[in-house]
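S.K.: One-letter residues, chain by chain:
There are 2 protein chains.
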Amino acid sequence: MTESHPRTGSDPTGLHRVLDDGPGGQRVLPQAARRLDTRRELWPDEVRVRVETLNLDAASFRQLEGKHTVDGRPDGAAVRREVLAIVAERGKMQNPVTGSGGMLIGTVEEVGPESSLGLEVGDHVATLVSLSLTPLMIEDGLERWDGLAERVPADGYAILFGRSIAARIPDDLAPALSLSVMDVCGAPALTHRVVAQYEQPVVAVIGGAGKSGSLSLAAAARAGAQRTVGVVPGDEEAALLRESGVADDVVVADARDPIALRDAVAATGALADITVVCVDVPGCEGGAILTTAERGTVIFFSMATSFSAAALGAEGLAADVTMLVGNGYAPGHAAYAMDLLRSNEGVRRLFERRL
Amino acid sequence: MTESHPRTGSDPTGLHRVLDDGPGGQRVLPQAARRLDTRRELWPDEVRVRVETLNLDAASFRQLEGKHTVDGRPDGAAVRREVLAIVAERGKMQNPVTGSGGMLIGTVEEVGPESSLGLEVGDHVATLVSLSLTPLMIEDGLERWDGLAERVPADGYAILFGRSIAARIPDDLAPALSLSVMDVCGAPALTHRVVAQYEQPVVAVIGGAGKSGSLSLAAAARAGAQRTVGVVPGDEEAALLRESGVADDVVVADARDPIALRDAVAATGALADITVVCVDVPGCEGGAILTTAERGTVIFFSMATSFSAAALGAEGLAADVTMLVGNGYAPGHAAYAMDLLRSNEGVRRLFERRL
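Just so you know, the sequences run in chain order L and F.
Residues in the first sequence are numbered consecutively from 1, following the working numbering.
Residues in the second sequence are numbered consecutively from 1001, following the working numbering.
It is worth saying that the hints were derived from the structure and are not from the lab.
Some hints here could point you the wrong way.
A few chain L positions that, by computed beta-carbon distances, are all more than 12 Å from chain F [to be verified]:
1. Leu84
2. Thr107
3. Arg222
Some chain F residues judged to face chain L by a derived CB distance under 8 Å, without partners named [to be verified]:
4. Gln1031
5. Pro1153
6. Gly1156
7. Ile1165
8. Leu1317
Stretches of chain F that chain L covers, calculated by requiring three or more beta carbons in the stretch to come under 8 Å of a beta carbon on chain L [as the list claims (entries may be wrong)]:
9. 1054 to 1068
10. 1081 to 1088
11. 1122 to 1134
12. 1283 to 1296
13. 1325 to 1332
Given the structure is predicted, the values throughout are model-derived calculations rather than measurements.
Backbone N, C-alpha and C fix where the C-beta goes; we use that ideal spot for every residue, glycine too.
Please take these sequences and the hints and turn them into a complete structure.
M.R.: Here it is, written out as structure tokens:
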């Protein structure tokens, strides 16, 4: 059953659902917008998804949890209230402090006649564009969520634009596992691309035992790294990462201590040609730069990265390194990450213990 | 005449001159330190510069002047006393409120035997790392400074670390012109490097009539751009840029309006393969991404860039673009920028009208 479509034209970027203007009165994209139009009716190139689960971005959830912690105990009800208030006000789940969102899983409910996403009604999908630009309506008050974890059971709907990304959830993997892979699938794709541009590089991944970190380590090995170094903050993660076999070397260092980080990586034999930052804590820019050899590349995937700290840090250290803003999109990124998981038992174990 | 060097090892970042520990007890880099060691004797990889002029950072001077204004009149003697007190206490000129420093001009006095900065005794140089991390001893009580301007005639010495940056001041250019080129010299160097990685790319520079913008346009042309597009916010700058001949095409667009920016650049014939963002206004990330063709590169030089807006913006637009954090340093960047200025009459005119 097709519903009537609005008459005015749509833009593949979703511009037609932006309700506000930027500071100067100019048109802004959905990600930069304060408010989105969540109307149920589709423009011809859109897709509507019935939401099943939201996965909040880690940096966003940590900020919300920290803000609502009293006497060392997080107040889940307060976190839930704030998420509901954000979505009600903004028409999307975008943390006003971190700017980040997350992703969602659901089932395709309606496909506009001009959609080019290749989806069909009934497809079980994960959206791979951020919640920070996805029109979202929550219809159950998040009553099944305790506010204490990033994974949010939810009922409601979300809208995908003409130029958007959603991937079918594979049948051979548990949905939660697929999702947690898709959530970070930009990192291994970009890591692979950068590693392939170097001749047998040494690759250090800060936060190597995490989701994007372990996939990035596996991608680096597949793309031809000479050696991979996984950096973790403590002995417990070090043991897990060693046991997984995903990294050639495992070192323990506080990524916020630039000299400690540099020295720990250098002690494995050499500085890194490529350093991949996958830990969502602020203050890792200087250490990542110092840990990277001249003409090397730092890829920042952490949403806690400060642009000015990276730019001024490299200048202050006279560091001739290329610094990349981790782009969460590359063609085929979801399938590539799934394939890494399926073919790498160690990565899979690291993922499964987090579910 | 070589002096005796301290026996303990030095670190190229200057860590050996940090006298305090950071908040968490971890070692901090000189920029984050409260106090630096200003001893005259050099570690083997250091350079000592006889100071001639300090140029206080504009934000820092404004704060000091405002603090010491009585009845609407700035008290220069009080400003001078405070600068002397800061330097005496911290061993560097770092404004405790703004955190910023500035730069200095002077003459190389001694070069450690293991210095790799390529400087010689007697060289007239500007330091391109911030005063906020440069050990500084003032020896004349700033008696020639009235405390009423950012430019501070001074006698004393400063220390450059193993890994630092200083550029010789050319004899053939006015010092003020040289300094304004050095201030932005990272942009053309990185633009050149990226353009050279593409086959005859189209290069768009947002803020093309500005200092870093005009140098980046000239660098793009020299590095083999097929065509350059200068984007400016208004007709006056458009006329100036056209008259300079520095860009092949000049278009007027508000860079904060993604669709307008994309359409303006596309109207010159094609989207850009490389987009260079040189305007210090927030909210240009989405437009820069949309203006860039698939597999293109965006270089962000603006300190107003939001990391998360760039990362999530590209993902949200399913844009397969490489995004670079503009690094203010590349080897030879100052000399390269000076050469562009000398050889490009249009760039020189754009600079001189700003002095």
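S.K.: The structure should be examined with respect to each hint, and the outcome stated for every one.
M.R.: Taking the hints in turn, this is what the structure says about them:
| no. | hint | in the structure |
| --- | --- | --- |
| 1 | Leu84 | holds (22 Å) |
| 2 | Thr107 | holds (21 Å) |
| 3 | Arg222 | holds (20 Å) |
| 4 | Gln1031 | holds (6 Å) |
| 5 | Pro1153 | violated (26 Å) |
| 6 | Gly1156 | violated (21 Å) |
| 7 | Ile1165 | holds (5 Å) |
| 8 | Leu1317 | holds (6 Å) |
| 9 | 1054 to 1068 | violated (count 0) |
| 10 | 1081 to 1088 | violated (count 0) |
| 11 | 1122 to 1134 | holds (count 4) |
| 12 | 1283 to 1296 | holds (count 4) |
| 13 | 1325 to 1332 | holds (count 7) |
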